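Residue numbers (our numbering), protein chains in the order written: chain A, 1 to 391; chain B, 1 to 391; chain C, 1 to 391.
Keep in mind the hints are simulated off the structure, nothing from the lab. Accuracy of the hints is not assured; some may be wrong.
Same chains, same names: a pair is fine if it fits in one copy or spans any two.
Unchecked claim - With a Cα cut of at most 20 angstroms, we get these calculated DMTMM-like pairs of lysine to aspartate or glutamate:
#	residue 1	residue 2
1	K370	E352
2	K132	E104
3	K23	D158
4	K353	E22
5	K372	D330
6	K361	E35
7	K361	E12
8	K361	D375
9	K204	D225
10	K23	E219
11	K204	D138
12	K167	E12
13	K353	D371
14	K143	E104
15	K23	D225
16	K23	D82
17	K23	E352
18	K370	E165
Remember, predicted model here, so these are calculated numbers, not experimental data.
For reference, the chains in residue letters:
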Amino acid sequence: MSVTIQLTPQAELSAGIPVALEKTRQPHYGRYLDELEPGQVFEHPRGFTFTTSNMLTFARTFMQANPLYLNAHYARAHGFNDLPGSPQMVFNVTLSLGVQNDSEKAIANLGYYQVQFLRPVYPGDTLRAFTKVLERKDRGPDKPGITRIRTVSVNQHDEVVLQYERKIMVSWRGTRPPTTPAPNVAVAFPGANRPLLQLPLNGKPLISSGLTGPNTYFEDFAPGDIIVHANGRTITEEHMALTYLVGNSHPLHFDRLFSTAQSGKMSGEPIVYGGLVFAWLEGLASRDVSENAVWELGFTEGYHTQPAFAGDTVGALSRILAVEDVAGADAYGLVSMQLIGVKNITAAAALEKYGADLFVKEDTKRDAGKDKIADKIFEIERRLLIKRRPR
Amino acid sequence: MSVTIQLTPQAELSAGIPVALEKTRQPHYGRYLDELEPGQVFEHPRGFTFTTSNMLTFARTFMQANPLYLNAHYARAHGFNDLPGSPQMVFNVTLSLGVQNDSEKAIANLGYYQVQFLRPVYPGDTLRAFTKVLERKDRGPDKPGITRIRTVSVNQHDEVVLQYERKIMVSWRGTRPPTTPAPNVAVAFPGANRPLLQLPLNGKPLISSGLTGPNTYFEDFAPGDIIVHANGRTITEEHMALTYLVGNSHPLHFDRLFSTAQSGKMSGEPIVYGGLVFAWLEGLASRDVSENAVWELGFTEGYHTQPAFAGDTVGALSRILAVEDVAGADAYGLVSMQLIGVKNITAAAALEKYGADLFVKEDTKRDAGKDKIADKIFEIERRLLIKRRPR
Amino acid sequence: MSVTIQLTPQAELSAGIPVALEKTRQPHYGRYLDELEPGQVFEHPRGFTFTTSNMLTFARTFMQANPLYLNAHYARAHGFNDLPGSPQMVFNVTLSLGVQNDSEKAIANLGYYQVQFLRPVYPGDTLRAFTKVLERKDRGPDKPGITRIRTVSVNQHDEVVLQYERKIMVSWRGTRPPTTPAPNVAVAFPGANRPLLQLPLNGKPLISSGLTGPNTYFEDFAPGDIIVHANGRTITEEHMALTYLVGNSHPLHFDRLFSTAQSGKMSGEPIVYGGLVFAWLEGLASRDVSENAVWELGFTEGYHTQPAFAGDTVGALSRILAVEDVAGADAYGLVSMQLIGVKNITAAAALEKYGADLFVKEDTKRDAGKDKIADKIFEIERRLLIKRRPR
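Make a model of the complete structure from these sequences and hints.
Given below as structure tokens:
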């Protein structure tokens, strides 16, 4: 089918249409607490198409060292159909797709929980995302409440590629104008409680092992190991463009008029979107802990404990929490680890200054009689599938 | 066929070749008024290959909200062969391809007129561009003149994808060195006066309508409606790289030595290339007025009324001018609208401050006894094909 | 084959694993002089996949004017299978792949020699790189030594695409912690001493010659010609991201905590990675000297004589050194030329200020009783295959 239109010279119209200010409307995006009912499901706008190039560019921008995300030949030699999108990109994009309904009116992002990567995303795939409101904790009419949500992203075959939960602090609407309505959702909320992960891995990749270091295999990690990642990354104003490059529409990250008009400690320069901060930290760590990983199973208990701004230099430390065999896959093992982010102090100096307290969750410190660490910006627990040393 | 060359060690030569300063040449680009004869045709250099990734990156950099330019699956479900290049990208690239002959010596870009998009640009397409000088208004030997030009871009099958007219203010060459000559043009100037637009649209896209909002369909717009777009975008120094990323070779946008050496109000920091400013404004507006558009027919009467610089935050307002049915295509309708850009003031504050005057063309204000608005940076009229609400 | 894992809720572990600071390790990258034994071969980590989009983006970021790297249709019309990666990108990527073993602990990059491009890199190709230590000049235990290395990059078919030599100044390790070990290299060091270059060129490209200027053909260059390139490029903080976008892991270029902690004249803001500086200079020159080139045979005697920083504006001059016929390929000729880079002064002003001395190698100036030029940042000799004027 096709539509045919005879184009004609475009007449100038504006001078002939009187300006009627009473016909003004001011659409607002996001959802206030009133608009987040437990059980409600949102289909998020737009979707996001992945390409080899934008996957490579993401991995390189965020300093990925695992060849799996940088080298398509290496990825295929390991059994993948093609270059897979890095977990960080899939996570960043899914988080961003959800912003309009989940967090564009949020006061604070309180944490990431039970993040699970279920399927590779390949070049040409298009993700869409859905959120279900699981719970809403009201704390009275004058205080913001806390919502717990579950978000999933699916590919164009409606297969779930990622699912996670978040807790978000949101205000009641009060006298503010209403937000744009959400479209009706025609589909059942996707997702699984005990998903089965199937990876196309072959145990003996037909490629030189010289593309990764010799001391980042499964056998090189033991519970308790602390790894101080040598390099930092100075974040520039690039972060403003990167925000919408991964699909995030929140003006706090790219609109200085908006950010400076905020009250309290959010007021000032645009804040770096947290997903980007996490991606840089994970990339800085990758040279030492994940260059031989073949899958990120997921992460949990993720908290942005301080905001980051253009000009900040971020650094990272990892701490190994557990190592496990994998039944039926003796070429690989599972490694659980903590990832800690700091800013404007090197990771080595932060460890010297704060010692063991760096690895204590910030929101448990008050009860433990400890001070929060102002230089610390992020903490999370990760779980990775890592190659054993080739023989 | 092939060429075979035996490579040998490359000998160092420079010390043996005496420096002869009299053999210096200083090529200059652009065309002075003397070099813009009515009837003359230029074929512009280089050409520009589109890819899925650079199309997606453009759409995201400029904050596009229409899934048609972000989601290849959505585009195909609407009848397109593949992801189409956004009109803003096709316009930016075509403008840029023409810079060397049209405006690299321009004093001022006076306006865009009768911009018409005639065919989708798909991944893998390569555009070339041509300009014909339509008219030259001389205003005496001491004053810059005004040229009216017509530019078209064609794909690799020589099909016109875009055509427009511009007015540009240009100086006589005077005693300045001549510019590089233009190559002879071997082809007839392409383009059509009353082009027929044929779009591969199907009326019932096989995709969830949840990817766009429920209140941006054809039925949601009525003449006179004013829509204040909520968010702004802070432009960073990214604009310098973006200029040549779309093919624009004008040093005013990326060479601080050049920009600071200019006289008058152009002197100072590099000025943001106007095509980029328009693209950001259009993107900021897209969430409210064009996320359900399937084609931009064109625009006219486009003026950059103030320059923008790195650090500026831009915002946008739209005003609906007309709505029309389309014969033989009852799933769509045409919406004409004004797009207004402001900087370093929110769109809402600008409307409150300036009221109806925001929508009055700046170059008519003197005659109407009105003041120009210093915060206003852009104005244009657009014409879009927009989906009716699905039933 | 595949690996199947039943995903279960991810338990929080960190609170249960006591922090044992004695289990800390601090991996360091790079090689000290002690670790660079003549004859030693390194296989560099990661590899790098090229795509049409990242090739186009590189060419445009660095202001390339040769349509061969911007226009896939033009490239194919000249006989190439597809868009070739620009020599600058292939060089930048290969240099970067080698950083971890070649120069991540370097004090100074002393020069590029005998750089030879042997084969086109096409979209989808993946490069890996190898370095052999050719020579190590020790200058006593208290002074850094100088290594001469040979680096090659190969595509996924193990065909050499680029080879070059570098001299690098490196310190002894002393009391510093050791660096991460290099993996064993299983393959013979690739490369050839007198390589045969075979290019798929057809003598009569089936495409309009209007895509390049009429005065940049082989016949337009004569030994001694000096060409002052009109435009400069202001380098922004973009350089920090670009560093790892081409695969370079050296923190001096993107980690402000690292760069400010350096001593002497390297201390301060992150220094622009030299490969990027060269790429901008070459791009600025391309409009005048290489828009009709079909191959860069190579370059030699390349020196970064001053560092560049964000905010600097760079400019370029070229001087023709030799022109040669090519046996059996009468549609082309070889042009050798010097490329000189300056910063924060226009190329024209630098020529006026320094005259012939601009073209004298900086490291020969002391012996010649001349002053070094503080505004000069780069010098190199290039050798290009350029089209003769079409008849």
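Do the hints match the structure? See the list:
1. K370 with E352: Cα proximity of K370 and E352: one copy only (17 angstroms, versus 50 angstroms across).
2. K132 with E104: Intra 16 angstroms, inter 48 angstroms, cutoff 20 angstroms: intra-copy only.
3. K23 with D158: So K23 and D158 fail the 20 angstroms test inside a copy (41 angstroms) and across (45 angstroms) alike.
4. K353 with E22: between (60 angstroms within a copy, 15 angstroms between copies)
5. K372 with D330: neither (42 angstroms within a copy, 62 angstroms between copies)
6. K361 with E35: neither (31 angstroms within a copy, 40 angstroms between copies)
7. K361 with E12: between (62 angstroms within a copy, 11 angstroms between copies)
8. K361 with D375: Within one copy only: 14 angstroms inside a chain, 47 angstroms across chains, cut-off 20 angstroms.
9. K204 with D225: Close neither inside one copy (28 angstroms) nor across copies (58 angstroms); limit 20 angstroms.
10. K23 with E219: The answer is between: 15 angstroms across copies meets 20 angstroms, while 68 angstroms in one copy does not.
11. K204 with D138: neither (53 angstroms within a copy, 42 angstroms between copies)
12. K167 with E12: Classified as between; 16 angstroms across copies, 50 angstroms inside a copy.
13. K353 with D371: within (13 angstroms within a copy, 48 angstroms between copies)
14. K143 with E104: Within. Shortest intra-copy distance 18 angstroms satisfies the 20 angstroms Cα cut-off; inter-copy 52 angstroms does not.
15. K23 with D225: between (64 angstroms within a copy, 5 angstroms between copies)
16. K23 with D82: Cα proximity of K23 and D82: none, with 52 angstroms in one copy and 38 angstroms across.
17. K23 with E352: between (62 angstroms within a copy, 14 angstroms between copies)
18. K370 with E165: neither (28 angstroms within a copy, 55 angstroms between copies)
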